[in-house]
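Now for the letters of each chain:
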Amino acid sequence: MALGDRLRAARERSGLTLMQVQEKTGVGVSSLSEFETGMREPKVSHLQKLARLYHRSIDFLLGEEEMPQELVLWRQRPASPLAEQAESQFLELCNWYHNLEVWCDERKTHCLPDAMRPKGRFWYTDAQRLAHEVRRKLELGDHPAMSLLKVLEEVCGVKVFHLPLEPSGTAACSRSVDFGAAILLNSNNVRWRRNFDLAHELFHLLTWPIFRTEQSQEPDQIEEKLATCFARHLLMPEEPFRDAMNECLDGEKIEPEDLVEIARLFDVSADAVAWHAAFLFNIKKEEDVHRLIAGAKAVPDVRESDRPGQRPERFRALAAKALNAGEISIGRFAEYVGVSRGQAMRYTEQGKAEYETVAAAPA
Amino acid sequence: MKRLRLLLLDANVVIHLFELKLWNAVVEYCEVVLARTVVEESHFYEDEDGQRQDFELASYEADGRVRVEEVGAEQIRNLRQLFHPGYLERLDAGEAESLALLMQSRDPYLFCAADSIVAKALVNLQREEQAISLEEVLQKIGFGRKLRYQFSREAQQKWIKDGHADMIQGRGIRRMA
Chain G
1 MALGDRLRAA RERSGLTLMQ VQEKTGVGVS SLSEFETGMR EPKVSHLQKL ARLYHRSIDF
61 LLGEEEMPQE LVLWRQRPAS PLAEQAESQF LELCNWYHNL EVWCDERKTH CLPDAMRPKG
121 RFWYTDAQRL AHEVRRKLEL GDHPAMSLLK VLEEVCGVKV FHLPLEPSGT AACSRSVDFG
181 AAILLNSNNV RWRRNFDLAH ELFHLLTWPI FRTEQSQEPD QIEEKLATCF ARHLLMPEEP
241 FRDAMNECLD GEKIEPEDLV EIARLFDVSA DAVAWHAAFL FNIKKEEDVH RLIAGAKAVP
301 DVRESDRPGQ RPERFRALAA KALNAGEISI GRFAEYVGVS RGQAMRYTEQ GKAEYETVAA
361 APA
Chain H
1 MKRLRLLLLD ANVVIHLFEL KLWNAVVEYC EVVLARTVVE ESHFYEDEDG QRQDFELASY
61 EADGRVRVEE VGAEQIRNLR QLFHPGYLER LDAGEAESLA LLMQSRDPYL FCAADSIVAK
121 ALVNLQREEQ AISLEEVLQK IGFGRKLRYQ FSREAQQKWI KDGHADMIQG RGIRRMA
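Protein chains in written order, with my numbering: chain G, 1 to 363; chain H, 1 to 177.
Isolated chain G, as found in the complex:
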């Protein structure tokens, strides 16, 4: 694929018009057009500006193979062009993470187990069964939210990033031959909602070979409901959930305060608890569930959320290792980790990057 075609494809994938690129880079529309049509060759300084804006490397733009198939599945896709820009940034981070793993020779050998394809249509009982299997295989215990993120990252090699996304409630995932499985969460969301999004996106990753066909690139409503079912059953496994509910209820009916307490215990939202309780305890009337949820909103939630960094801890640790081993330049390290060159240079004081300092650096 010629450079001009790749530049145009990269621009379109990031949802930008030529005018917008001019505004953001200072490179004129006529020059951009000439670069894309192959009438003029860009200088490296042009390529650098465009690479930064499109979230692609210069190395990628100079590649000759066809643009890779990149599919990002969204839970509540933001409006264009925010979605395209978030996707570009997400995929860039995934590729950087992959590069670091290769350069440090630390590609994860453990993979996510793909869901078994049932004989008939994949249905809710299959989603429940899958949740049970995953909890067991990953040894998540009775309160999976406490360890799910860490296990997915450190054991399964899933690349999990947090970016500020609007509107709230959005999350996404992607799978690739190169970087493997990856999840994007909204850092603006509170932790307990992110836990649910994480489990929801995990479903899509596990069932990727089943649902991603030529005809079905985007999940439909049923698949989304299956993902929600999976997430509920993964994060609130039946037996521990019933035990917790019984302890709260003590023979009485469910009250909003009980929902909030169970939500805290399983580190999910009160809404999720309400719908899960409705399923397990056979609450037939939807208005009862809505009443409970409305009531729970009035109960103070004592939890404090955190603000996760954009780069995962392991990512930053790999970057420090690559820098120490001379596998990456200081400038590239600074870009990958999101610090200034000056800070990056100070990390290499005395010839050794301080892992703890890099790992603790605001990402």
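Just so you know, the hints here were simulated from the structure itself, not pulled from any lab data. In this text, all values refer to a predicted model and were calculated from it rather than measured experimentally. Glycine is no exception: its CB is placed at the ideal position from the N, C-alpha and C atoms. One or more hints might be untrue.
Unchecked claim - Partial selection, computed: residues in chain H whose CB lies under 10 Å from chain G: (1) Val39; (2) Glu70; (3) Ala73.
What the hints assert, rightly or not - Lysine-lysine pairs mimicking DSS-like chemistry, simulated, CA-CA at most 30 Å apart: (4) G/Lys49 <-> H/Lys21; (5) G/Lys285 <-> G/Lys297; (6) G/Lys137 <-> G/Lys119; (7) G/Lys321 <-> H/Lys158.
Starting from the structure of chain G, add chain H where the hints point.
Just chain H now, kept in the frame of chain G:
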């Protein structure tokens, strides 16, 4: 009379020279050449208090105290094809452009980068004699002093040795069949 000719500097070095307040001295005593992307990557340093201190290079270029060169996509592509796939991704754009400038010219550029991967790349390109540490640059122009490790002659020598080890292991440069 310039004591060092054709001194190609990377952004790390430019920034550090401003930190040391030695930029003007180097420009006065050396024929400094910068890749265009290095100019665009070098805007500020952080002082001892962590405060950002901006600087500009445009005036140095405008009045000829510094020469700025740039290469096109084709030259970078040529450089890229010398290495294994993805190798250039380890370098930033300024380093890649500087290496491309060095490779396309018969002039005896000296490249001061203070970066391990750059020294290793130079060894792979069989241009290690064109690598120079900032410590050596400052000594040659009479401003010798103790510098942070990455700018030292010792670091440079270690990285060149690492580059030889890489070559033996077949890392970096593609070998012709």
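> Any hints this thing doesn't respect? Which numbers, in order?
Replying inline: none
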